[in-house]
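Asks: So the chains spell out like this:
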Amino acid sequence: MTISNTVKITDELIASHGLKPDEYQRILELVGRVPTFTELGIFSAMWNEHCSYKSSKKWLRTLPTKGDVVIQGPGENAGVVDIGDGECVVFKMESHNHPSYIEPYQGAATGVGGILRDVFTMGARPVAAMNALRFGAPDHPKTKHLVAGVVAGVGGYGNSFGVPTVGGEVNFDPRYNGNILVNAFAAGLAKTDGIFLSKAEGVGLPVVYLGAKTGRDGVGGATMASAEFGDDIEEKRPTVQVGDPFTEKCLLEACLELMASGAVIAIQDMGAAGLTCSAVEMGAKGDLGIELDLDMVPVREERMTAYEMMLSESQERMLMVLKPEKEEEAEGIFRKWGLDFAIVGKTTDDLRFRVLHQGEEVANLPIKELGDEAPEYDRPWVEPKTHEPLAKDDIPHADVADALLKLLGSANMSSRRWVWEQYDTLIQGNSLQLPGGDAGVVRVEGHATKALAFSSDVTPRYCEADPYEGGKQAVAECWRNLTATGAEPLAATDNLNFGNPERPEIMGQFTKAVTGIGDACRALGFPIVSGNVSLYNETNGQGILPTPTIGGVGLIRDWSKMARIGFAAEGEAILLVGAPASWGTHLAQSVYMRDIHGRTDGPPPAVDLEHEKKVGDFVRALIADGIATAVHDLSDGGLAVGLAEMAMASGIGATVNQLKDLSPIPVFFGEDQGRYLVTIPRDRVDWFYQERVKDTGVFAPWIGTTGGSELKLGDARAIAVSAMREAHEAWFPQFMDNELSNA
Amino acid sequence: MKSAVVVLPGLNRDRDMIAALTKISGTAPVTIWETDTDIPDVDLIVIPGGFSYGDYLRCGAIAARMPVMRAVAEKAAKGVQVIGVCNGFQILVESGLLPGALMRNTSLKFVCREVKLQVANANTAFTHRYKPGQIIRCPVAHHDGNYFADAETLARIEGQGQVVFRYAEGTNPNGAINDIAGIVNDKGNVLGLMPHPENLIEPAHGGTDGRGLFESALGVAA
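If you're matching them up, the sequences are chains A and B in order.
Numbering-wise, the working numbering puts 599 at position 397 of the first sequence, and it's gapless, one number per residue.
Numbering-wise, the working numbering puts 95 at position 1 of the second sequence, and it's gapless, one number per residue.
Calculated from the structure, these hints are not laboratory results.
Warning: the hint list may mix true and false statements.
[Said to hold, decoys possible] Residues of chain B clear of chain A, computed beta-carbon distances all greater than 12 Å:
1) H222
2) I271
3) N279
[Claimed, not checked] Computed footprint of chain B on chain A; a stretch qualifies when at least three of its residues, placed anywhere within it, have a C-beta under 8 Å from a C-beta of chain B:
4) 444-454
5) 822-834
6) 903-917
Please read all numbers here as calculations on a predicted model, not as lab measurements.
Beta carbons: idealized from backbone N, C-alpha and C, even for Gly.
Isolated chain A, as found in the complex:
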């Protein structure tokens, strides 16, 4: 089917492009006439929520994005952070939620492909990936199918491309039944003087198309990702792109080779809204016009129209502006890797975005306004409901040992081994800590002692109960996880997943969460350098839990001193660093309350950012000074689960004291923030309190001792480490075992 460019622009056509009547009015004013069909498509691509951030921009501006080590903040393909010695880490996280629900394998695969491309477009070789995945209830009929497809897709793309997946999250909640979340993170290493940007420079220079051919896949994908789902979701399958990791791997090698040759002036990958978005960005950022001749675009399908070519989201494509004298050399590099190379246009000085097709000018638009003049909304929002704290005596009882075993073997707390064993965690030979610890750690190739730590975090149930505290907590937990390996947290990327921003209560969640994130980032010196917003995660009016995922990067100066979560030896002292006087107090919104008692009332634990910073810095110094023998931060499941995880990781048990006259439930299952478990040799305990704790104001009680093959929590029955492991490892494989029969 071909679509003529002379299609009549009707109200219905405008609406089907996701453009509101007032937005169309704005287009009429900007263009000065009725737009052509192709132009309408271009506006729809540039002005949808996914590309324009029109609902979120106002709030994103409040985030701290600068810092001593920040080389490039938001606005480019990825953020860039200095790690010393002339090297930098380039990273970003991005969602592929809507496509992954419609077609889980390809949706997840192209999500990974897209984020890897963002990183190597900047001149960095990808060295680590993570994935934060959120699925519906385990017993929802689609869940297994989605888990199987998404995990295979993430692995299928990342493994073939050749990047180690070193961390991530997998969670289940009925609120994701109709909208799963697939947030893909990638990081790469580059030289600080070898960073490439999208800003074009110079008039009359060739605009070069590189990579794979253009097909009809993904036409309108970004517009689809900017709308809610209804019952017609199956009809949206053709908007999902298809990934080709082999071509992407070749594209990586060719791009890095080309960049090293000095031929590249500007580069932009074709992600959402493909050719349209990449060309407009390159021109608009460089104050240049761009003229494209679509007859030169390599295509893999016949009779593609200008509209389809401009909106195609075919993967593994790049647009570059090259130095004309290097054209031949550049083409040689791309031909060697079997990739398409075509000059498809040129830079101009008229600030117009002109598109030619078969001798006809199918679009002629003002380039700056396409991007800069996109609508921006200050959407109405309402203050989220607050929750009364639980009454002091509201402590629902359970047997501590039984509750712990149940949590360890539950859908949300069990081992994710089934997932990460499908990812290549070892490729490149630099992985120092694999999934299952507090953070993934990858050594910096070519450097004797440096390593980078990566963690992805958010606790959506906290965000639902209190978006502001939840936003703070997501940042704090990420910072804490990096700290627990001994890393100095450098900066973060945010992937903000919410429902429909046109609903004031959703917008209220968004504004509060962003405010919380900003406050925490400022207090912890942890700027946001890149990110992505995914709104409209709703199906038939039911929104997801607010899920602002934070992906953080930290620097370990000497990885030989890095901390791990497993107990290192028997007979060591276990310290609960950063604890309140009674060790643990806050039960509301804990997994204990949710999974043992079915309760989701009350406020989440608050994060005291000053305390967080002080305790984190204290723990990091213990690691750097070689005092801590094992470190683990406390989060979901509190002290009991934290101890169990340290025992399971090592096979060594522990005996933990019980405070007299206190209920053991909040002590062992409370989720108070800013706490770490740290072990030190017993003969250093006195020295530790005299020399390290002194007058720091950090409370770090000695709560127990490692040893044996059982975990004994206070008066509770001892549990064999082997029994905990069995419960912990069993859930996921058992859940997925009948995946085929139930798909």
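Fit chain B to the known structure of chain A by using the hints.
Replies: Relative to chain A, chain B alone:
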């Protein structure tokens, strides 16, 4: 000893392999491209892991038909040592340089984990630094590592001691027949194995059990 690493589009453990050979021998290997038919004078040629040509046909099938593989086969016929790891093993099998086939894992899933290997034959050019029957640790990372050979071939390679590595202690990750993880050709100068010894050669990897293979092949002191 001089070594070479074959680099093909889609292979992705080439850098791991180059690093391992460089660290162990002290000399960087030369690299050979898909169209190279004139392989320099080396003692060892390594085909690393990855997804050559996307593995969009049978794994290794396209790579096996590239010009460089004819040159590798000629070198092998002259007695040059050849190692194929993971996709490299699949390519050697598809090239006919090694017997048998590598099928999809019985789990139907990609698997990346550490397994135990038994050195089933320590009397080869690739394993003489190990003790006979020694159990070593080694990671695997593959989707199609399920080794299979017909009964006659299997009897022959077992009978001639061509099975060099076996998955041990119940850690067979892919359903390979007779727990076969690695084999040599009948002349003993071509080795194919699914596990990745190049990812376990230094303390940063958490162990050095993979070094023995390269120390054997490269003739360097342990």
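Asks: Indicate, hint by hint, whether the structure satisfies it.
Replies: Structure-based check of all given hints:
No beta-carbon of chain A comes within 12 Å of the beta-carbon of H222/B; the shortest separation is about 24 Å. Listed as a non-interface residue, I271/B keeps its Cβ farther than 12 Å from every Cβ of chain A; the least gap is roughly 22 Å. With a minimum CB-CB distance of about 27 Å to chain A, N279/B clears the 12 Å threshold, and the non-interface call stands. Using a Cβ-Cβ cut-off of 8 Å, 6 residues of the region 444-454 of chain A lie near chain B, which meets the minimum of three, so the contact claim holds.
Proximity of the region 822-834 of chain A to chain B, defined as three or more residues with a beta carbon under 8 Å from a beta carbon of that chain, is not established by the 0 residues found. Here the region 903-917 of chain A counts 0 residues with a CB under 8 Å from a CB of chain B, which misses the bar of 3, and the coverage is violated.
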